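Visitor: Chains as they are written, first to last, in my numbering: chain L, 1 to 242; chain D, 1 to 121; chain G, 1 to 72.
Fair warning: there could be bad hints in the mix.
Calculated cross-link-like contacts (lysine-lysine; reagent style DSSO-like; alpha-carbon spacing at most 27 angstroms) [stated by the list, open to error]:
{"no.": "1", "chain 1": "L", "residue 1": "Lys-97", "chain 2": "D", "residue 2": "Lys-100"}
{"no.": "2", "chain 1": "L", "residue 1": "Lys-92", "chain 2": "L", "residue 2": "Lys-143"}
{"no.": "3", "chain 1": "L", "residue 1": "Lys-31", "chain 2": "L", "residue 2": "Lys-97"}
{"no.": "4", "chain 1": "L", "residue 1": "Lys-2", "chain 2": "L", "residue 2": "Lys-98"}
{"no.": "5", "chain 1": "D", "residue 1": "Lys-95", "chain 2": "D", "residue 2": "Lys-51"}
{"no.": "6", "chain 1": "L", "residue 1": "Lys-143", "chain 2": "D", "residue 2": "Lys-100"}
{"no.": "7", "chain 1": "D", "residue 1": "Lys-66", "chain 2": "D", "residue 2": "Lys-100"}
{"no.": "8", "chain 1": "D", "residue 1": "Lys-66", "chain 2": "D", "residue 2": "Lys-51"}
{"no.": "9", "chain 1": "L", "residue 1": "Lys-143", "chain 2": "D", "residue 2": "Lys-66"}
{"no.": "10", "chain 1": "D", "residue 1": "Lys-95", "chain 2": "L", "residue 2": "Lys-143"}
{"no.": "11", "chain 1": "L", "residue 1": "Lys-31", "chain 2": "L", "residue 2": "Lys-98"}
{"no.": "12", "chain 1": "L", "residue 1": "Lys-2", "chain 2": "L", "residue 2": "Lys-143"}
In case anyone wonders, no lab produced these hints; they're calculated from the structure. Since this is a predicted model, take the numbers as computed values, not measurements.
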Amino acid sequence: MKLYAYCLAADLDTLGDSPPGISGAPVRLLKIDDLAVLVSHAEIDAVPVTRNNALAHAAVVRSVLDQTTPLPFRFGSLVTEQQLRSYISNRKPALEKKLAHVRGCVEMSVKIIWQLPEDGNNQLQEIPVAEPQGAGATFLADKRRQLLGDERRAAQAAEIAAWLSETVSDLTRDEQVTVRSSERLVLSAAHLVERAQLRHYREKIGEARENRPELHFLTSGPWPPYSFANIELEFKTQFGVS
Amino acid sequence: MTFSPENPLSAEPEIETSHAEEFVEQLRCVTDTLPSRINIDAQSVEQGLAKLVLTLIEFIRRLLEKQAVRRMEGGDLSPEQIEELGLALMRLEGKLQELKSQFGLTDEDLNLDLGPIGRLI
Amino acid sequence: MADFDHAIITEEWDNTDVSLLETLDHVLNRGLVIAGEITIAVAAIDLIFVGLNVMVSSVETAREVLRRREME
Chain L
1 MKLYAYCLAA DLDTLGDSPP GISGAPVRLL KIDDLAVLVS HAEIDAVPVT
51 RNNALAHAAV VRSVLDQTTP LPFRFGSLVT EQQLRSYISN RKPALEKKLA
101 HVRGCVEMSV KIIWQLPEDG NNQLQEIPVA EPQGAGATFL ADKRRQLLGD
151 ERRAAQAAEI AAWLSETVSD LTRDEQVTVR SSERLVLSAA HLVERAQLRH
201 YREKIGEARE NRPELHFLTS GPWPPYSFAN IELEFKTQFG VS
Chain D
1 MTFSPENPLS AEPEIETSHA EEFVEQLRCV TDTLPSRINI DAQSVEQGLA
51 KLVLTLIEFI RRLLEKQAVR RMEGGDLSPE QIEELGLALM RLEGKLQELK
101 SQFGLTDEDL NLDLGPIGRL I
Chain G
1 MADFDHAIIT EEWDNTDVSL LETLDHVLNR GLVIAGEITI AVAAIDLIFV
51 GLNVMVSSVE TAREVLRRRE ME
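Turn these sequences into a full structure, and let the hints steer you where they fit.
Guide: Printed below as a string of C-alpha cells:
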C-alpha cells in the first residue's frame, strides 16, 4: 500500500481539519514511535506535478504550522509504510536534531534581482605585451578581461549577501543562501525565524528594501521550514566556482 | 505556544514584491528544469551521459583557462608560451563547442544546478 | 511506458503567477528526501556528488528499463 508523505513532526498527536491532499485524498496522521507523519493513500506510480497537487502539498504541510513546526517532505514522496518506518528508525537522531533546530520557527524567503553590472574595461591595467599579438595571446587577454569582470560581479554579489545576512542576523536562527553572480536573480535566501521575532524581522526587511532601491526584492512567508528540513545535505556557506 | 491571532500561520504565506513580472521570468526556471517523461530510448540515455561528461570537461576547461590567465598575469610565461597556451585553449574551447552542438546541448544544459551551492559553472 | 520519477509533468505551465512559482520553488526543490542515499563524506566532493547522483540514477534507471525491454 502506497502512501504520499507530506511532513514529519514531533509533538503532534491529533490532526484537526486538514485540507485535502494529493488528488483530493484525505490526509491522516501516522504515528511512528513518538513522531508523526502526515500521509495520504496514493496507489500511483508517480505524482503528477500539477498546480493542484503542488498547492495541496503546500496546504497540508502548512495546516499543522499553528500547532508545531514540521519537517516538510519534498513534493513527490511516495513510500510504503515500511519504507517510512525504516527511514525514521535509521535516522532518528538526525531527525530529532533537525526538529529541535526548527522548533518554534518558520521560514521566510528573500529573493533579489539586480541589474547585472556591466563589464567595465576602463579600470584594467593592461599587461604589456610584445606586438604583434598572435591569436593565442589575444584569446588569453580577452579571457582575462572576462574573468576580471566575473570576479568583480562575484564580489558585488557577495557584498549583497553579506549585507542581507548582517541585516537580519540577530533575528534568524539559521539561513540558507544561494548566490548567483552571473544571473539576474542574484540571491535567494531562506531565513529560519523564531515566531516571536516575525514582526521585527518583517520591519527589518522592509527597511532593507528601502535602503537599496537599486535592488528588486521578492519576500514571502511564513513557510514551513522546507529549506531547513533535509538531513542529508548540511552545507551552510554559499559556494561559487571562482 | 500561542500565536498572534492577527497573523495565523496557517493562512497563505504572503508574497510581496513590486516586480512580479521580473520574478516570474526568473523563477520560471523552476518549472522549466523539471524533467518531462524520461525518454528511455538509446539516444536520450546517450545524451544524459554526454551531458554529464561534457559538463565535467567544461568545468575543467574553465579552471584551466583561469590557471592560464593567472600565470600570464604572474609574468612567468614568455610571449611564445602565452601564444601557445592561448592557442591550445582556443582549440579546446572550439572542440567543446563542436561536441556540444553534436549532442544538441546548450551552455544552459551544462550548467548543473547543485541546489544551495549554486550552479556548477 | 512507466514513469521513473516520482514527479512528472502533465500540464503546461503558461501564465504562471509569482505566488505559484514561489510555492513550487519551496515544495519541489526543498524538503526532506526519503529516496536517494548520499554517502560520500569528503567535504568538497559530496556536493558535486549530490547533483551527479540524481542524474546518474535517472540514467541508470533508464538503462535498466532499456535492458529489460530488450529481453522481452
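Visitor: Now tell me if each hint is right for this structure.
Guide: Status of the hints after comparison with the structure:
For a cut-off of 27 angstroms, the pair hint linking Lys-97 (chain L) to Lys-100 (chain D) is broken: about 45 angstroms separates their Cα positions. Distance check on the hinted pair: Lys-92 (chain L) and Lys-143 (chain L) sit about 50 angstroms apart at the alpha-carbon level, beyond 27 angstroms; violated. Of the supplied pair hints, the one linking Lys-31 (chain L) and Lys-97 (chain L) holds, its CA atoms being roughly 18 angstroms apart against a limit of 27 angstroms. Pair hint Lys-2 (chain L) plus Lys-98 (chain L) holds up; C-alpha atoms about 26 angstroms apart against a cutoff of 27 angstroms.
For the given pair, Lys-95 (chain D) sits about 15 angstroms from Lys-51 (chain D) by alpha-carbon distance, which is consistent with the 27 angstroms threshold. For the hint linking Lys-143 (chain L) to Lys-100 (chain D), the alpha-carbon distance of about 20 angstroms falls within 27 angstroms, and the restraint holds. As the CA atoms of Lys-66 (chain D) and Lys-100 (chain D) are separated by approximately 21 angstroms, the hinted pair is consistent with the 27 angstroms bound. For the given pair, Lys-66 (chain D) sits about 22 angstroms from Lys-51 (chain D) by alpha-carbon distance, which is consistent with the 27 angstroms threshold.
This hinted pair checks out: Lys-143 (chain L) and Lys-66 (chain D) have alpha carbons roughly 8 angstroms apart, not beyond 27 angstroms. Simply put, Lys-95 (chain D) and Lys-143 (chain L) have alpha-carbon atoms about 17 angstroms apart, close enough for the 27 angstroms limit, and the pair holds. Under the criterion of a C-alpha separation no larger than 27 angstroms, the hint pairing Lys-31 (chain L) with Lys-98 (chain L) is consistent with the structure, at around 18 angstroms. About 54 angstroms separates the Cα atoms of Lys-2 (chain L) and Lys-143 (chain L), which puts this hinted pair outside 27 angstroms; it is violated.
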